[in-house]
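Trainee: Just so you know, the protein sequences line up as chains F and P, in that order. In terms of numbering that gives the first Met the number 0, the first sequence opens at residue 0 and continues consecutively. In terms of numbering that gives the first Met the number 0, the second sequence opens at residue 0 and continues consecutively.
Check the hints yourself; a few may be wrong.
[To be verified] For each label pair, taking beta carbons as the anchor points, the in silico distance ranges come out as:
1) Ile17/P <-> Asn108/F: 23 to 33 Å
2) Asp170/P <-> Lys85/F: 24 to 34 Å
3) Asp1/P <-> Ser90/F: 35 to 45 Å
4) Asp30/F <-> Glu172/P: 39 to 49 Å
5) Ser171/P <-> Lys85/F: 24 to 34 Å
6) Gly96/F <-> Lys81/P: 11 to 21 Å
[Claimed, not checked] Footprint (simulated), chain P over chain F, 3 or more residues, beta carbon under 8 Å:
7) 9-20
8) 32-38
9) 52-63
10) 71-78
Simulated from the structure, these hints should not be mistaken for laboratory data. C-beta: ideal position from N, C-alpha, C; glycine also.
Number of protein chains: 2
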Amino acid sequence: MDLEKLIRDIPGFPKEGIVFKDITTLLMDKDGFKQTLEELYNLASGKGITKVVGIESRGFIFGGALAEKLDTGFVPVRKPGKLPYKKISESYELEYGTDTIEIHEDAINPGDKVLLHDDLLATGGTMEAACKLIEKLGGEVVQISFLIELTFLKGRNRLEKYDVHSLINYDSE
Amino acid sequence: MDLEKLIRDIPGFPKEGIVFKDITTLLMDKDGFKQTLEELYNLASGKGITKVVGIESRGFIFGGALAEKLDTGFVPVRKPGKLPYKKISESYELEYGTDTIEIHEDAINPGDKVLLHDDLLATGGTMEAACKLIEKLGGEVVQISFLIELTFLKGRNRLEKYDVHSLINYDSE
Numbered sequence: 000m001d002l003e004k005l006i007r008d009i010p011g012f013p014k015e016g017i018v019f020k021d022i023t024t025l026l027m028d029k030d031g032f033k034q035t036l037e038e039l040y041n042l043a044s045g046k047g048i049t050k051v052v053g054i055e056s057r058g059f060i061f062g063g064a065l066a067e068k069l070d071t072g073f074v075p076v077r078k079p080g081k082l083p084y085k086k087i088s089e090s091y092e093l094e095y096g097t098d099t100i101e102i103h104e105d106a107i108n109p110g111d112k113v114l115l116h117d118d119l120l121a122t123g124g125t126m127e128a129a130c131k132l133i134e135k136l137g138g139e140v141v142q143i144s145f146l147i148e149l150t151f152l153k154g155r156n157r158l159e160k161y162d163v164h165s166l167i168n169y170d171s172e
Numbered sequence: 000m001d002l003e004k005l006i007r008d009i010p011g012f013p014k015e016g017i018v019f020k021d022i023t024t025l026l027m028d029k030d031g032f033k034q035t036l037e038e039l040y041n042l043a044s045g046k047g048i049t050k051v052v053g054i055e056s057r058g059f060i061f062g063g064a065l066a067e068k069l070d071t072g073f074v075p076v077r078k079p080g081k082l083p084y085k086k087i088s089e090s091y092e093l094e095y096g097t098d099t100i101e102i103h104e105d106a107i108n109p110g111d112k113v114l115l116h117d118d119l120l121a122t123g124g125t126m127e128a129a130c131k132l133i134e135k136l137g138g139e140v141v142q143i144s145f146l147i148e149l150t151f152l153k154g155r156n157r158l159e160k161y162d163v164h165s166l167i168n169y170d171s172e
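Build the full structure now, drawing on both the sequences and the hints.
Mentor: Shown next as C-alpha cells:
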C-alpha cells in the first residue's frame, strides 16, 4: 500500500500559507496503521534498542506500539509542566520565539540505546533538542524515525550525525 | 508482576494537596509495559472492536499499541485547536470552569464498535464527553479501559451504562 495516499492535505492549517499533513486518515485505516508500524519496526529491529522515546503528542501513538514490538520500555518527551518528577529541559528556536521540551532525569540510563520517534520532521528543532536530552542522560541515539519528512525544510541537516529514517517524503508543499 | 508497584506517587503535583500517580516509571519498565498492554488487550479481544480511540495525550501511548494488537484503526480525541479537519466538540465541567475535547467528524463510521482508552479515571468528565462524541458520530462504545482508577472520586458513576475496566485501583489518596 502507498502510505502517502492515506495522508490528507489541509491547506491553511494551522495558519495561512501552510499545507498541513493530516495523519489521522492513515491512523484510522487499520491496514495503513499496521503497515506503518511494521515498516517502522523493521527499520529498528536488530539494533539492540533498549528504550523507545516518543515526542509529545503524536509521537506517542506509534512510539508506544514500537516499544511493545521491540520489547523495550517507553519514555515520553513532553512539553513544559507536564512531567511530574525531576527533569531536565532543552530549549530550541522557532521562527518566532523559542520552545522547550523536557524528560525525566531517571528515564534514560547511561548506555541505553535509544530509538527516538515522532510523526513529522519539519525544521528538526524539536528532534535536535530531544537528542541533546538523551545524550545529557548518557543514552546513545541509535535511530531516529519519522512517519513524514518535509524534505524541503532541510531538518535532516540538523540531525546529520544520526541514523534518520522517514516513511513518507514531501519535496515541496 | 504487581503493576501498582511500578507507579510513582508525586505529592503536591500539579498542585498542593494532590498526590499525582506517575505512570512513567511503569512505561519505562519493559516488562511492566508489556504486561500492561497484554492485560488491556485481553480485556478487549474477541469483542468485535473496529476502532480504538485514545484520549490526548497519555491515552495515545497504549491506545496506538492496542489498535495494532486488535487489528483496528486508531482515532485521537484531542484538545481544542489540534485537529486540522472538520470536527465536533464536547465540553464538560471541571472543578473551576469547563474544558473541551474534539474528534474529526469522519473518524468514526456509523456502526463502528469502539474501545475508548485513557490512562486515568478521576472524575470521569473527560471520558463521559468522549463517549458522547463517539455516539454523536453513530459509533457504539463497546468498552472503556483505563490504566488507573481513583475510585474515591467516583468517576465510574458517570460511565455506569458502559463496560468500564481499570488495571490499578486506588481507594484513597
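Trainee: None of the hints should be skipped; say for each whether it holds.
Mentor: The hints, checked one at a time:
In this structure the supplied range 23 to 33 Å holds for Ile17/P paired with Asn108/F, their Cβ-Cβ distance being about 29 Å. Between Asp170/P and Lys85/F the C-beta distance comes to about 28 Å, which sits within the given range of 24 to 34 Å. Taking the beta carbon of each, Asp1/P and Ser90/F are about 39 Å apart, inside 35 to 45 Å as hinted. Remark: the range hint 39 to 49 Å for Asp30/F to Glu172/P is upheld by a beta-carbon distance near 44 Å.
Checked against the hint of 24 to 34 Å, the pair Ser171/P and Lys85/F passes, with Cβ atoms roughly 26 Å apart. Between Gly96/F and Lys81/P the CB atoms are about 19 Å apart, so this pair conforms to the stated range of 11 to 21 Å. Residue count for the region 9-20 of chain F with a Cβ under 8 Å from a Cβ of chain P: 4. That meets the three needed, and the coverage hint holds. Evaluation of the coverage hint for the region 32-38 of chain F: fulfilled, as 3 residues show C-beta separations to chain P shorter than 8 Å, against a requirement of three.
Counting residues of the region 52-63 of chain F whose beta-carbon sits less than 8 Å from any beta-carbon of chain P gives 9, enough to reach three: the coverage restraint holds. Beta-carbon proximity to chain P at under 8 Å applies to 5 residues in the region 71-78 of chain F; the threshold of 3 is reached and the given coverage holds.
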